[in-house]
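Protein chains in written order, with numbering that gives the first Met the number 0: chain A, 0 to 234; chain B, 0 to 163; chain C, 0 to 457.
Okay, derived cross-link-like pairs now, DSSO-like style, lysine-lysine, Cα gap no bigger than 30 Å in a straight line:
| id | chain 1 | residue 1 | chain 2 | residue 2 |
| --- | --- | --- | --- | --- |
| 1 | A | K62 | A | K12 |
| 2 | B | K160 | B | K124 |
| 3 | B | K124 | B | K49 |
| 4 | A | K12 | A | K155 |
| 5 | C | K182 | B | K160 |
| 6 | C | K284 | C | K266 |
| 7 | C | K6 | B | K160 |
| 8 | C | K182 | C | K272 |
| 9 | B | K124 | C | K6 |
| 10 | C | K182 | C | K6 |
| 11 | C | K266 | C | K182 |
| 12 | B | K124 | C | K182 |
Just so you know, these hints were derived from the structure itself, not from any lab. Just so it is clear, the structure is predicted and the values come from calculations on it, not from any experiment.
These are the residues of each chain, in order.
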Amino acid sequence: MAYRWGMAIDIDKCTGCEACVVACHAENNIPTVSPQQASRGRAMHWLRVERYYEGHFPDVRVKFRPVLCQQCDNAPCEAVCPTYAAHHNEDGLNAQVYNRCIGTRYCANACTYNVRFFNFFNPEWPKPLQLQLNPDVSVREVGVMEKCTFCVQRIKAAKIAAKAENREVADGTLQPACAQACPTSAIVFGNLNDPNSRVARLARSPRGSRLLEDLGAEPKITYLAKQPWHERDLA
Amino acid sequence: MSAIYGLYADPNIAQRAVNNLRALGVADADITVISSEPFEHFEFGHRDAKTAMPWIAAGAGLAGLGLTYWLLGASQRSWPLVTAGMPVVPLWTNLIIIFEMTMLSAILATVITLVVTAFVGQRGKLYDPEVSDGYILVGVEHPPDAAKLEPALTIDGGRVKHAS
Amino acid sequence: MNRTLTKPFTDDMVRPVMSTTVWFWAILLATGTVVACGAAAWAYQLWYGIGVSGKRWPGFWALYLTNFVFWIGISHAGTLISAILRLVNAGWRRPVTRVAEVITVFALMIGAMFPIIHLGRPWLAFWLFPYPSAREIWPNFRSPLAWDFFAINTYLTGSLLFLLLPMIPDFATIRDRATGWRKSVYRTLAFGWRGTTTQWNRLESAMQIMAIAILPVAVSVHTIVSFDFSMANVPMWHSTIFGPYFVAGAIFSGIAALIIAMAALRKALHLEKYLQPLHFENLGKLLLLMSILWAYFVFNERLTVWYGNEHHEMAVFWATQRGQYAPFYWTMVVCNFLVPMLLLTNPYTRTITGCVIASFGVVVGMWLERFLIVVPSLAHKALPYSWGTYTPTPVELYIMAATFAAMILLYTLFAKFVPIIAIWEMKAGDFAHGAGQGVGAGDPHRIDTTPVSTEAAS
Numbered sequence: 000m001a002y003r004w005g006m007a008i009d010i011d012k013c014t015g016c017e018a019c020v021v022a023c024h025a026e027n028n029i030p031t032v033s034p035q036q037a038s039r040g041r042a043m044h045w046l047r048v049e050r051y052y053e054g055h056f057p058d059v060r061v062k063f064r065p066v067l068c069q070q071c072d073n074a075p076c077e078a079v080c081p082t083y084a085a086h087h088n089e090d091g092l093n094a095q096v097y098n099r100c101i102g103t104r105y106c107a108n109a110c111t112y113n114v115r116f117f118n119f120f121n122p123e124w125p126k127p128l129q130l131q132l133n134p135d136v137s138v139r140e141v142g143v144m145e146k147c148t149f150c151v152q153r154i155k156a157a158k159i160a161a162k163a164e165n166r167e168v169a170d171g172t173l174q175p176a177c178a179q180a181c182p183t184s185a186i187v188f189g190n191l192n193d194p195n196s197r198v199a200r201l202a203r204s205p206r207g208s209r210l211l212e213d214l215g216a217e218p219k220i221t222y223l224a225k226q227p228w229h230e231r232d233l234a
Numbered sequence: 000m001s002a003i004y005g006l007y008a009d010p011n012i013a014q015r016a017v018n019n020l021r022a023l024g025v026a027d028a029d030i031t032v033i034s035s036e037p038f039e040h041f042e043f044g045h046r047d048a049k050t051a052m053p054w055i056a057a058g059a060g061l062a063g064l065g066l067t068y069w070l071l072g073a074s075q076r077s078w079p080l081v082t083a084g085m086p087v088v089p090l091w092t093n094l095i096i097i098f099e100m101t102m103l104s105a106i107l108a109t110v111i112t113l114v115v116t117a118f119v120g121q122r123g124k125l126y127d128p129e130v131s132d133g134y135i136l137v138g139v140e141h142p143p144d145a146a147k148l149e150p151a152l153t154i155d156g157g158r159v160k161h162a163s
Numbered sequence: 000m001n002r003t004l005t006k007p008f009t010d011d012m013v014r015p016v017m018s019t020t021v022w023f024w025a026i027l028l029a030t031g032t033v034v035a036c037g038a039a040a041w042a043y044q045l046w047y048g049i050g051v052s053g054k055r056w057p058g059f060w061a062l063y064l065t066n067f068v069f070w071i072g073i074s075h076a077g078t079l080i081s082a083i084l085r086l087v088n089a090g091w092r093r094p095v096t097r098v099a100e101v102i103t104v105f106a107l108m109i110g111a112m113f114p115i116i117h118l119g120r121p122w123l124a125f126w127l128f129p130y131p132s133a134r135e136i137w138p139n140f141r142s143p144l145a146w147d148f149f150a151i152n153t154y155l156t157g158s159l160l161f162l163l164l165p166m167i168p169d170f171a172t173i174r175d176r177a178t179g180w181r182k183s184v185y186r187t188l189a190f191g192w193r194g195t196t197t198q199w200n201r202l203e204s205a206m207q208i209m210a211i212a213i214l215p216v217a218v219s220v221h222t223i224v225s226f227d228f229s230m231a232n233v234p235m236w237h238s239t240i241f242g243p244y245f246v247a248g249a250i251f252s253g254i255a256a257l258i259i260a261m262a263a264l265r266k267a268l269h270l271e272k273y274l275q276p277l278h279f280e281n282l283g284k285l286l287l288l289m290s291i292l293w294a295y296f297v298f299n300e301r302l303t304v305w306y307g308n309e310h311h312e313m314a315v316f317w318a319t320q321r322g323q324y325a326p327f328y329w330t331m332v333v334c335n336f337l338v339p340m341l342l343l344t345n346p347y348t349r350t351i352t353g354c355v356i357a358s359f360g361v362v363v364g365m366w367l368e369r370f371l372i373v374v375p376s377l378a379h380k381a382l383p384y385s386w387g388t389y390t391p392t393p394v395e396l397y398i399m400a401a402t403f404a405a406m407i408l409l410y411t412l413f414a415k416f417v418p419i420i421a422i423w424e425m426k427a428g429d430f431a432h433g434a435g436q437g438v439g440a441g442d443p444h445r446i447d448t449t450p451v452s453t454e455a456a457s
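Use the sequences and the hints to build the structure in full.
This is the structure in structure tokens:
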């Protein structure tokens, strides 16, 4: 069976703790930047938690929405890369090939969700942070675009192990770093092609919606949130 | 290289000199007319204007079109990478590159034809620097009988010179 | 050309080539310094990374792309003048063609630098060349940037040849008058040109074919540059009007650059007799026409956006119209539309000075237009959480200043080595109208020695 990796993020469960962000940084060797560079918009958070405030004090509600690469099926970023650094792989992932990237940054401009990041400088890890680098993930040099890969290194490892044992990757055994770190299990990852997987069932949930769906990029991440009409119409 | 030629300030007189040479039996291909500007409105200026250059340009354009069409399809099929929802060999976007390469082929073929027909083999042929001052040179290279041609060229203010 | 004017005209054209004034060296020094500063800034950027520029998330394209589109736009000057006017046989183009074609070639060369300057890894730019590079993967021909590569290179090759070929007869003229080292240089450059009727016929045929070929290429080049924007689903980029809009804007800025260049050359090389107020008048009328056309396209685009009231696009719309980019927007409207309307509709202000003032305004206005296309849209994409602003850094400004200096430098060098008005084209112009209409081959059996009255010849 061909895999089609997808995710379901439950916004009602997300507490905004950003453990997923830290885990992503740790797993994928994402460089940190100085506060000065961060104020100039150079911070590279492959996964960011967007915070929206609703209402006025004292009736304020906060909504947290983790935004990461939506691995769109109709990705606007893929067609515009002149060197095929961004393309669709057979698992339905939006692959980013660092070695092929010459840094035109067209993909980042085309990305509807602004989830692509650019290495403006050569990354540095002041000692002893370099000890924490993940050997399974490459370190990108200056001039290269990068973004969330759904922890493709973990996907590849799981597929290789499964193939060695002549089976499919079992649902729930493979998790990207963000899903693994989330304390409320708000992030669910799995194979959308398997109708019985958790993520496929959540994707069919009436609480589910996709980000900027009307723009037609066909994102594969379903956000689960209780909508006001749920209380009105389903009560 | 021996030659006899006349220098004229007026293209009308140059035209008469050319007619005179023809009347004496000199073949058109042997009559050399050199000037510092093109005289298209005079007969001597457009007597050898027929050229296959437009056909060569069109043919080269077609060749470029075909070659690019094939190359794009072959290279895209060699590594069929999916990008967004687009087909692996999309005709619409390929047309843009095919168009550019067609025009480039036509332009390059035109220039190569020009170089081959106009610039190659000019060494050692008849020339007089006075042409740059605006005079028109009408003459014959390697004339079998220079003395016979001289009266035809000595008309109305033209200066006749011999080259050796 | 009238026989009595030919020699003084040729002298006037050849004099800048033969003699050098102190101004030449002064301009060289000044522009050379600025270019060197820009080169140093670029080297600094190559060493430390694109981070030294002002680009940031989410606005990954800014000043370099603005300048890229701007210079490619300026390069449309030559094509309009040389190709279109040549094809419709407009005689007043003759003193202007080479000035325009030189702008095209140098503006293209400068514009084509920017895709390399803005790359994250410019040392790999050659991967855009159509060959199987890493693991035999060819470039992605579906990407507008790959189309850019082909379009700009085709246009550059075509324009370069279109410029170089008619220069050869003029090189021959200089070769005949020069002495010393100049003679050997120009003899090589003249490629053995003699000026036989065959050579003239072939040259004219080639120029005609190339004029026909280069027109669609020019239109396609700026359309393809516009595709860099319209192919992305970014608010106020994803517009079908971008193709014609950019081409019209390019011709608009090209004519403005041409007027400025002509006025500068007229002053510097004392070409008052040849670049006459008539030429500026005609170009001024063209500039006015393009200004109205540009305004029509802008109105079209903005009315559609405003009427649709789609909130992603309206964010960008209001940002340019009333928000932080409003000063740039309204300056652009004044420079591109109001000033040309005021100065160029009135024949009394459509003088050389009036045209030059309007042209400077247009150059500024068109640069602002490119900036307003690139930056506000990227700053306000679909997700408001990821909106951002852009501020240029000194590195980008030095490089930008260096490109303007480079244009002046290259132009000065060119005018030093090549006559800036095509000598043979000017001479041919006189006979195209009037005397000498189709003088025939005469009686092939009669030697005609009757004197011809000289009045008929002039």
